[in-house]
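Those sequence lines, one after another, are chains A and B.
Going letter by letter, the first sequence gives residues 1 to 401 in my numbering.
Going letter by letter, the second sequence gives residues 1 to 305 in my numbering.
Mixed in with the good hints there might be a few duds.
SDA-like cross-link-like pairs, simulated, lysine to any residue; straight-line CA separation at most 25 Å [as the list claims (entries may be wrong)]:
| no. | chain 1 | residue 1 | chain 2 | residue 2 |
| --- | --- | --- | --- | --- |
| 1 | A | Lys94 | A | Glu37 |
| 2 | B | Lys282 | B | Ile227 |
| 3 | A | Lys146 | B | Gly281 |
| 4 | A | Lys399 | B | Lys172 |
| 5 | B | Lys91 | B | Arg58 |
| 6 | A | Lys393 | B | Lys29 |
| 7 | A | Lys88 | A | Thr175 |
| 8 | A | Lys17 | A | Gly147 |
| 9 | A | Lys393 | A | Gln287 |
| 10 | A | Lys146 | B | Asp80 |
| 11 | B | Lys107 | A | Asp336 |
| 12 | A | Lys136 | A | Lys88 |
| 13 | B | Lys29 | A | Asp336 |
| 14 | A | Lys198 | A | Phe217 |
| 15 | B | Lys282 | A | Pro19 |
| 16 | B | Lys26 | A | Gly147 |
| 17 | A | Lys393 | B | Lys172 |
| 18 | B | Lys282 | A | Gly147 |
| 19 | B | Lys91 | A | Met259 |
| 20 | B | Lys107 | A | Leu315 |
For the record, the hints were derived by calculation from the structure and aren't laboratory data.
Okay, here's what each chain looks like letter by letter:
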Amino acid sequence: MARLLENDALRILVENKLPVPRFDYVDTPEEAKQVAENLNVPVVLKALAPVGKRGEPGALVFADEPEQAELNAKTLLSSSIEQYPVKKVLVREKVNTDQELYVSISIDQGLKCPVVMVSAAGGVDYQEIVLRNPEKIRSVHLNPYKGLPDFVAKEIWADLGLSGSVLRDATAILTRLYQVFCRYDCNMLEVNPLVITKDSKVRIISVDMVIDEAALFRHPELNHLVQMGHDSEYHRPLTALEKNIADVNEADPYRGAVMFMELSDGDIAFMCGGCGGSLLMLDTLLQYGGRPANFLALNGNPSERKVYGLAKVMLAQPGVKGLFVCAGIANDMQVDVVARGIARALQEEHKGCGFPVLVRLAGVNDQIGREIFTTAGVEYYGEEITMTMAAQKMADRMKQL
Amino acid sequence: MGILVDRDSRVGIAGIAGLDALAMVKDMKRYGTSVLAGIAPGRKGETLQEIPVYDTIRQAVEAHAINTMLIYVSPAVTLDAVRETLANDIKLLVIPTGNIPAHDMLKVIYEIRAVEARLIGPNTVGLIDPAARVKLGSIGGGSAERFFAPGCVGVISSNAGMTAETAYMVKKAGLGVSTAVNIGEGALIGTTARELLALFEKDPQTQAVILFCEQGLLAQDEIVEFIEQGGFSKPLIVALADRFAGCMPQKDGFGFQASSVGSCDHKCPMRLKRAGVYVAGKYDDIIYLLQELQGVKLNYSEKPI
């Protein structure tokens with residue numbers, strides 16, 4: 001997931017002529033005070049972290065006076081959100097809200113087209129809107145070539161009860177947001193809330209912008225702005241080990257794609273080809289009482305240097321007492337190349353007797369691979385045993401330690 | 001028989017000059033696939049892997065009546081290659097390339113639907129028909145015959161690396177494969193598992209189907225509904241990678257919206273079981289389930305020799 005910090009996302013919206021309250025971002029409490037003084041109105045301070053959730057406890061605070069802004073910024077800058085230490089704080093003009101609206105533009109993975117979802121009940125998590133006020137939601141699926149026509153945007157808001165200048169403004173904002181969604185190759189662009197102010201202006205208050213990693217080549221200006229991280233219910237920053245793996249991967253980006261995750265409380269370093277197979281084998285290892293310490297899904301056709309580098313990092317994880325290499329029958333991955341990389345890493349890390357290494361790889365050049373592994377003292381199997389049997393054997397070897 | 005390809009598949013490769021494409025084409029030809037033309041702009045007249053190269057798809061179609069196109073160009077130009085293919089009336093496309101921008105894929109899928117063409121992938125090792133000895137993509141590498149026996153079991157895998165493995169489980173059970181297809185990873189793919197089940201239902205050679213999937217990617221409800229509506233009546237075995245799936249980074253999950261948009265569901269496979277699907281508890285259970293099915297539902301005369 002390539003998520004932008006909110007200050008960067010807001011800046012992009014401003015550049016695209018969308019109405020955003022005056023804001024700045026700071027990394028010290030003193031600057032927060034300065035910004036509040038310059039704005040010369042009550043402000044809102046928000047901790048910046050690449051987390052796509054609203055209302056983190058304590059992440060959003062108000063300040064009527066610059067001194068209060070300084071104090072609050074100090075608190076925010078010493079906190080962390082879902083393990084991300086807060087390094088920057090957004091300071092923006094406080095807006096007098098009359099009504100909160102919600103807009104999200106994303107990709108409907110089932111119907112495989114862009115979808116715009118809008119609600120007249122913003123300001124809370126979308127799931128809450130779905131539960132509490134389903135009648136206040138409108139969604140529209142779009143032709144990726146035709147996009148969002150003005151009249152469709154107008155109809156959506158009119159259906160939700162908007163009229164007058166607010167309807168016209170909200171319509172223009174929605175169509176422009178859709179243009180931003182396309183222009184920057186967003187996976188998701190969410191405005192929550194979009195507010196109608198007491199003096200009937202429509203303003204974007206908070207935005208969450210996620211860029212498609214695969215499209216970053218079209219947006220070199222965003223490359224250094226996006227915040228990479230695991231995005232799941234276990235959302236967290238990369239660990240030191242995971243960063244090391246990422247470095248090895250990026251040093252040789254053109255061959256072999258890597259997904260790596262450090263797990264806790266395990267003793268088996270686990271290298272697999274492909275994500276589905278690795279998930280399956282993690283399940284199977286667990287079923288047989290094995291305890292994976294990490295896993296690395298290696299796709300495509302990696303070079304020897306890459307396999308070697310990855311294996312070195314994995315073997316260096318504290319607590320690792322054995323190595324399991326197991327993949328489905330290879331289409332592209334060359335077993336002999338993998339064998340050379342692993343054999344070299346094992347030798348350099350002095351993993352010999354008492355460090356079980358079990359390999360089950362079959363496919364391209366596996367006869368040569370078998371020789372290399374066997375010479376290196378590795379317990380090697382090809383397709384003569386299934387992946388399940390290999391996992392069982394590995395769990396057994398660990399129990400014998 | 002089998003689905004999607006047969007001996008009349010006349011194959012062209014867009015992007016033939018890439019290193020991976022060249023290796024792939026070599027294996028495809030050796031397996032028996034009629035790879036008749038390559039496309040690499042500016043290189044007309046060359047011969048690569050004994051295959052004539054053309055500048056445009058139109059030239060290749062005019063010279064060789066190409067009816068099947070592999071598109072192995074870089075992500076940035078894949079959308080254009082798809083348009084060129086469709087403009088030349090080719091209706092079966094396979095895209096091995098991965099990491100194609102999502103917004104481009106939305107357009108690719110829109111164009112494919114508009115002309116009722118069939119796309120396998122992107123990000124796929126392709127498909128194989130062992131009886132016809134046709135393979136499109138790197139599936140099985142250079143030793144496809146070692147792992148894919150011809151027979152009566154259809155194989156669908158959401159995962160590239162597990163496609164040949166799953167087909168090999170069929171061989172271990174003493175059976176063979178009608179067609180094996182890697183549908184590609186992620187949600188924005190041309191053909192889903194359910195759509196392939198519809199094709200396998202109509203194929204007389206296919207008597208059962210195995211589906212391998214990461215649970216988070218399986219559109220379980222869609223498949224269950226399809227079976228309950230009578231869309232697929234043959235035995236279906238599903239092997240899932242599920243326990244760990246819940247804690248994996250979902251590349252295509254969109255924060256809290258994932259629950260209201262899209263095809264991901266993380267429910268246990270009970271609905272599948274109630275719909276009569278055989279769910280393999282361990283991956284090896286595929287072998288035992290197939291062996292049980294042989295006595296019950298599969299026709300022995302269709303077994304490979």
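Okay, the hints, checked on the actual structure:
In summary, the hint linking A/Lys94 to A/Glu37 is supported, as the alpha carbons are separated by about 13 Å, within the 25 Å threshold. The straight-line distance between the Cα atoms of B/Lys282 and B/Ile227 is roughly 23 Å, inside the 25 Å bound, and the hint therefore holds. Of the pairs offered as hints, the one joining A/Lys146 and B/Gly281 is violated, with about 46 Å between alpha carbons and a cut-off of 25 Å exceeded. Simply put, A/Lys399 and B/Lys172 have alpha-carbon atoms about 29 Å apart, too far for the 25 Å limit, and the pair is violated.
Our distance criterion of 25 Å between C-alpha atoms is met by B/Lys91 and B/Arg58, whose separation comes to about 14 Å. Distance hint between A/Lys393 and B/Lys29 is unfulfilled; the C-alpha atoms sit about 38 Å from each other, more than 25 Å. At most 25 Å may separate the alpha-carbon atoms for a hinted pair to count; A/Lys88 and A/Thr175 exceed this at roughly 31 Å. Only pairs whose Cα atoms come within 25 Å are accepted, and A/Lys17 paired with A/Gly147 is accepted, the gap being roughly 19 Å.
Under the criterion of a C-alpha separation no larger than 25 Å, the hint pairing A/Lys393 with A/Gln287 is consistent with the structure, at around 12 Å. Proposed proximity of A/Lys146 and B/Asp80 is supported: the alpha carbons are some 18 Å apart, at most 25 Å. For the hint linking B/Lys107 to A/Asp336, the alpha-carbon distance of about 40 Å lies beyond 25 Å, and the restraint is violated. A C-alpha spacing of about 35 Å is found between A/Lys136 and A/Lys88, which places the hinted pair above 25 Å, so the restraint is violated.
At roughly 23 Å between alpha-carbon atoms, B/Lys29 and A/Asp336 fall within 25 Å of each other, so this suggested pair holds. In summary, the hint linking A/Lys198 to A/Phe217 is not supported, as the alpha carbons are separated by about 42 Å, beyond the 25 Å threshold. With a CA separation close to 55 Å, the supplied pair B/Lys282 and A/Pro19 exceeds the 25 Å bound. The hinted pair formed by B/Lys26 and A/Gly147 fails the criterion: a straight-line CA distance of about 42 Å is larger than 25 Å.
Taking the CA atoms of A/Lys393 and B/Lys172, the gap is near 19 Å; set against the 25 Å cutoff, the hint holds. Between B/Lys282 and A/Gly147 the alpha-carbon distance is near 45 Å, which puts this suggested pair outside the 25 Å criterion. Of the supplied pair hints, the one linking B/Lys91 and A/Met259 is violated, its CA atoms being roughly 34 Å apart against a limit of 25 Å. Distance check on the hinted pair: B/Lys107 and A/Leu315 sit about 44 Å apart at the alpha-carbon level, beyond 25 Å; violated.
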